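> Below, each chain spelled out in residue letters.
There are 2 protein chains.
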Amino acid sequence: MCVSNLETSNEALSRRQKVLTIDTMNANIKKVEYAVRGPIVQRAVQIEKELKEGVKKPFNEVIKANIGDAHAMGQRPVTFFRQVLALCSYPELLDDDKFPEDTKYRAQRILKACGGSSIGAYTASQGIECVRQDVSRYIERRDGGVPCDPDNIYLTTGASDGIVTMLKLLTAGEGRTRTGVMIPIPQYPLYSAAIAELGAVQLNYYLDEDKCWGLDISELQRSLQAASKHCNPRVLCIINPGNPTGQVQSRERIEDVIRFAAKERLFLMADEVYQDNVYAEGCKFYSFKKVLYEMGPEYFNTVELASFHSTSKCYMGECGMRGGYMEVINMDSEVKAQLTKLVSVRLCPPVPGQALMALVTNSPQPGEPSHAQFLKERTATLGDLAQKAKLTEEILNTVPGIRCNPVQGAMYSFPQITLPERAIREAKEKGQAPDMFYCMKLLEETGICLVPGSGFGQKEGTYHFRMTILPPADKLKILLSKVKEFHQRFTKCYS
Amino acid sequence: MCVSNLETSNEALSRRQKVLTIDTMNANIKKVEYAVRGPIVQRAVQIEKELKEGVKKPFNEVIKANIGDAHAMGQRPVTFFRQVLALCSYPELLDDDKFPEDTKYRAQRILKACGGSSIGAYTASQGIECVRQDVSRYIERRDGGVPCDPDNIYLTTGASDGIVTMLKLLTAGEGRTRTGVMIPIPQYPLYSAAIAELGAVQLNYYLDEDKCWGLDISELQRSLQAASKHCNPRVLCIINPGNPTGQVQSRERIEDVIRFAAKERLFLMADEVYQDNVYAEGCKFYSFKKVLYEMGPEYFNTVELASFHSTSKCYMGECGMRGGYMEVINMDSEVKAQLTKLVSVRLCPPVPGQALMALVTNSPQPGEPSHAQFLKERTATLGDLAQKAKLTEEILNTVPGIRCNPVQGAMYSFPQITLPERAIREAKEKGQAPDMFYCMKLLEETGICLVPGSGFGQKEGTYHFRMTILPPADKLKILLSKVKEFHQRFTKCYS
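So the sequence lines, in the order shown, correspond to chains B and Y.
For the first sequence, the positions run 1 to 495 when UniProt numbering is used.
For the second sequence, the positions run 1 to 495 when UniProt numbering is used.
It should be emphasised that the hints constitute simulated quantities derived from the structure, not laboratory data.
No experiment lies behind these values; they were computed from the predicted model shown.
Please note that a few of the clues may not be correct.
Since the list can't tell identical chains apart, any single copy or any two copies may satisfy a pair.
In silico lysine-lysine, DSS-like type, Cα no more than 30 Å apart, as pairs [claimed, not checked]: (1) K336 / K430; (2) K475 / K112; (3) K112 / K52; (4) K492 / K482; (5) K430 / K341; (6) K341 / K52; (7) K341 / K31; (8) K168 / K336; (9) K341 / K30; (10) K31 / K168; (11) K18 / K290; (12) K229 / K459; (13) K263 / K30; (14) K341 / K18; (15) K229 / K30; (16) K441 / K341; (17) K211 / K482; (18) K482 / K112.
Just need the whole structure built from these sequences, with the hints factored in.
This is the structure in structure tokens:
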């Protein structure tokens, strides 16, 4: 046996000896996909490194418009939040005159609720009680007085954590009795990823691109009927305002959805993390909770609902803090005890994120020293986002072959792109989704990182990309004009 | 039909109509148990509320010695850590003369590595690169130069997150091919909870109480043999220093375990979160990584190992920050890509916890302005814990009917308690584990909250409790003398 054969055989042996391999690992996890941080983002990170190493490119920087990461795109944190977090981290600062009195009061209130007055202590697994009280008062104000019980609030590690936890509780059965989860297409891929990991069944309902990504009850009905033979559909997920699609549901449509869920006995999950991100005239955010309540006791006392919020979006953009909450309505009391037990295994959500949630839901009030600056910062950020939403839609719609719905809310545009037949063929020959092929070329040629529509799901034969509206206005304009140029070049090249 | 019957029937109807009930929920979650925050702790919280409301009790306060929550028990946070966290939270403080230069330098380094220089931005899902570099240099120093690749480091949301993620990857198969996970008994109940949730098979190996909770290879062998017919044993979990048992493994024993894992083709998971908490003379912490490396390439190039650390224990006690890391050794490259994908779905670990991990692994060095105070604080905390470990063992061993092994490390004593036959009978009649019955009575009569041994697992017919050594020394003495009195009273009462 020659040396090289020996080595190969040794390598094979060492390989065969591994306990954990792609063949022996959890099969559900292999099915998980998460495009927002997928191959295109990995390539973007690589290109950034190459630029640093001096590799010549037709651009000087990578612009990551792939993820709703406001601070990374230059949005400044809210001063009030960060002052209180600094005081909570290092309470010696409570003696410092630089900090306004209301920041000190909030910090002291949070610290008093922590074991040993330290944010380094574990909290109750459901979250600090006074924070859950703040959240419930916020919900009551938001919903015009609809009552909210702090005992129905669970603080979470970002909204993702709450969503996965609820899906976990809801997943049961085997084969034809396996839990089916209805999700919009296009969707935020946390849903498909969690469904795959849990081995539940993903049931697609399509949003209507021609009606500004509207939700049609007959489409819900179609999706449900198609599913009922091979699984047990039990959950209906709604994302409002929509991610990646940016639509804002009307009050009437929310009523229809609730009626549908009641009739078909579906557990409602309402992802409402973009509740402050509503820009379009005539659009308004209505929470599922408020609409449910106002539909009367027949609905309010029966329909099971979990709604989710986060510190990562809206005007806060504090993604790195991993703060969030969920409210559960009409949850069976035995199940609730199980939920409380389940979250206790992970001890507690990160305390800085809990503190931040207290500040978001109990922000400075008129008369308090931080109120003026807080209001100014919040208004500026939301106003800026509204402008950028409009700008994005307008510029994209000037490009022949790109068609963009109004960005009514959230933080993304999700335009449809027309791709030449030859580009589609070439992509398929490479084993790539055509919009992945397109986005990859865009990245290599311009440094712009977007996520292909195939990562969110889309109607067969249509192609899209998701782009955040977060870059600063001047950079956004450059980005959009580069996308425009690229699209024209790409179309010409493959025609 | 009378009114009360009508109501009952309506209630039954509304109950029957719920989508999510104890009968339709995820069955695995029902099997999850987590004693550290179980019924006894819920009762303790209730009693605290009763005390606040003025209900008369034979005590004035509840002492929670149920959980390793250092700050809640009065341990002060390390100044250096908190100064840097305050600077990261509110970078305007970088101009403040009150903060030593080295705190500013660390804060700037962390901020520079964050998107938009904000800890509110998402980080790479595996964790901030420069933090992973700090961690890997820390590991190299700790292990006397054994090389560590930052690419093998994954930052986590506390150690719990890392442990559950690894078990998730490792769980596969059905019925007789289902993954079996070997865990020590007594164990930290995160393991049994995660195994139940994932539907893996729990395989118990018993630690030898008579040999100071020593680990015996023949017992590992017995456990494995007993399991191999009904599942596929693939994972061996070790907790060192032990929780709840407080033993510290010798270097020789670790070698034996590694040899066993290599021979039996088991994936090793080493829970090393108490690596700085070693008190007993003659005991020293050896990491599995170091021992593995020093056993030579035959082992170092083949045995698969994941080891876990946290910011919650040792001298830091920063539980609320949910910081942690895991290092994976010899992980198959395809599996590693799957792991990276899996963690990306949850976006990133909380950034304050990541920052803290950078500080723990890259703490002030001689010559830096914060060094002296840092050293003083760390030494004081660890010295204090060592004293309390000794105190706990000594006082408990003066009680007839309580037998306590030396607390060599970690933060807990796990003494065996002798219970009178009549108490055992009465507990069983109530459907309670006898040590739960004992701990519940202790709580009601003295306000002391401990966790019964049954929550960690123990040899059939033996009874224990877990008690942290964390209360301040004066309080700990009172606590121990109250336990002593109670045990004598209890024994007398039931004899």
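> Starting from the hint list further up, note which numbers the structure goes against and sort them upward.
No numbers; nothing is violated.
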